[in-house]
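Listed in order, the protein sequences are those of chains A and B.
The opening position of the first sequence corresponds to residue 1 in our numbering, with each subsequent residue numbered one higher.
The opening position of the second sequence corresponds to residue 1 in our numbering, with each subsequent residue numbered one higher.
Hints may contain errors.
Said to hold, decoys possible - Simulated restraints on C-beta separations:
1) 231(A) <-> 162(B): 42 to 48 angstroms
2) 92(B) <-> 214(A): 29 to 35 angstroms
3) 125(A) <-> 210(B): 41 to 47 angstroms
4) 78(B) <-> 41(A): 35 to 41 angstroms
5) 162(B) <-> 229(A): 55 to 61 angstroms
6) 122(A) <-> 49(B): 28 to 34 angstroms
7) 175(A) <-> 126(B): 20 to 26 angstroms
To be verified - Footprint (simulated), chain B over chain A, 3 or more residues, beta carbon under 8 angstroms:
8) 29-40
9) 49-58
10) 117-129
11) 139-149
12) 203-217
13) 223-229
As the list claims (entries may be wrong) - Residues from chain B shown here face chain A by an in silico Cβ test under 8 angstroms; the list is partial:
14) 55
15) 166
16) 185
17) 209
18) 219
The hints are simulated quantities; they were obtained by calculation from the structure and are not laboratory data.
Only a predicted model underlies this, so the values are computations on that prediction, with no experimental measurement involved.
Built from N, CA and C at the ideal position, the CB exists for glycine as well.
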Amino acid sequence: MSDILLIAILAGLLAIDDRAGWQTLLGEPVFVAVPIGALLGTLDEALKVGVVLQLAWLSIGAARGTRRPNTVVGGVVGAGAASLVLSRGGDPRESIVIAAGVLMGLVAAEVGAMVARATGELRERWLGGFRLPEMPPHPYADASRKLAFTVIASALWVGLVDFVVVLLLLPLAARVTAMCGARLGADAAAGAVWWLVAVSAIGLAAIVRAFSTRVLVRFLALGVIATIAIGWLR
Amino acid sequence: MRLSRRDLRHVFTRLLFVQATLHRKGMQNVGVLHALDAAAPRLTRHPESVLARHTDHFNTNPNAAPIVVGGVLRIEEDGTQAALAALPRFKQAACSALAAMGDVLVVGGLKPLALTLAVVSAIYSFFAGLVAIVVLYNAALLGGRAWGLRFGYERGWGVVEAFTGPRVQRVVMLARSLAALAGGVLVGVIARRSFSEGTDHLAIAAAATAGAWLAMKRGVNVGRIAIVLFPLVIVIAMLVK
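With the hints as constraints, model all of the structure from the sequences given.
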């Protein structure tokens with residue numbers, strides 16, 4: 001339980017960074033996986049979940065205001081669920097646990113986005129009604145205090161929502177992941193690997209789509225050719 | 001009174017949380033008011049009049065907001081009636097010019113560049129690379145914002161002109177080209193790894209890339225398709241094996 005609480009607190013802090021702060025990148029799945037994996041002693045496995053989720057959400061050039069899944073919640077729940085299961089049992093069918101973790105991350109991100117939208121409406125109404133106090137009769141310090149309170153409360157609200165969502169979803173996700181690991185056999189493990197390859201391909205499609213303009217496609221092709229050539233030469 | 005470096009530092013710190021109060025009606029206006037509040041008492045003996053002029057809608061890329069706020073502070077500092085009357089026009093012109101530039105530079109260039117390199121580092125479990133990417137990305141972002149605030153404060157109205165010139169376009173293009181190159185490296189790494197795992201992996205990766213590309217083109221949520229595909233792929237694998 002203490003691990004889940006710690007992970008939920010981490011999610012709350014990262015949500016503040018991602019949606020109220022300057023977006024340090026630490027809220028992205030590939031980075032979220034590092035502290036979670038380090039906390040539970042499953043760094044490599046958590047990182048595998050983080051990489052696949054990152055590729056699934058590598059939306060390049062998405063405009064501000066675009067409705068995206070809640071990637072902080074998704075990354076935390078995905079890496080957390082797989083790490084919790086693997087740290088307890090060291091499941092031999094690692095690929096199934098990792099695939100189940102990724103699945104839980106994708107589902108949690110959609111649920112997190114729905115919850116954030118619903119709770120965001122309350123925040124919208126509150127912020128929409130913001131007025132500076134009449135000056136005079138109120139002193140200027142009242143306006144300063146009100147502004148500081150509004151910014152801090154609004155940022156904390158964002159963090160609190162994601163904290164609660166992760167606190168509720170993570171135990172559930174860990175249970176489903178453990179069940180997948182226990183019930184599915186070796187044949188399903190091959191399917192899990194195929195699915196992971198397919199989900200990773202979403203990132204490739206996002207890259208190709210974003211950079212397939214007449215100028216940028218040359219740089220894209222250069223990167224592909226150089227990487228493959230260096231790989232063969234080595 | 002001219003603002004000191006310390007005053008600008010306070011404004012800069014508050015602007016880091018300009019997104020905290022983002023809302024549909026006024027967008028970033030409360031965050032901007034909070035930042036202006038750090039400097040308003042130093043600009044005039046009537047700081048309430050400064051805040052009262054900026055309660056309206058404010059919307060730009062958060063990384064470009066310091067440039068606009070810097071410009072606003074300069075115009076407020078000059079304090080002539082004509083300049084203050086033109087403030088809404090300045091904010092509108094600067095916000096729209098910088099929003100597009102900030103989106104393309106950060107969201108379309110720097111961020112994908114950092115994330116694709118991070119994924120490549122993570123694939124090879126190269127943790128020093130992950131740390132370096134976070135440090136460099138944040139240094140670029142915070143350095144850019146700090147520079148933007150100073151630049152805006154020095155130039156005032158001049159920022160609109162400065163950010164619509166060809167030099168900015170060249171910087172944006174450079175960032176996008178580097179991101180495309182890093183994207184190519186990531187595609188190459190995944191293609192190589194899929195090839196080394198077997199032709200079935202390569203075929204699945206190619207088919208899934210084409211499918212996801214088509215789905216994205218039609219505006220379909222690819223993540224949801226992936227969720228639905230999970231049980232289907234497991235069942236197929238169990239039947240095939």
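| message | So, against the hints stated earlier in the document, which numbers end up violated here? | response | Hints 4, 5, 7, 15, 18 not satisfied by this model.
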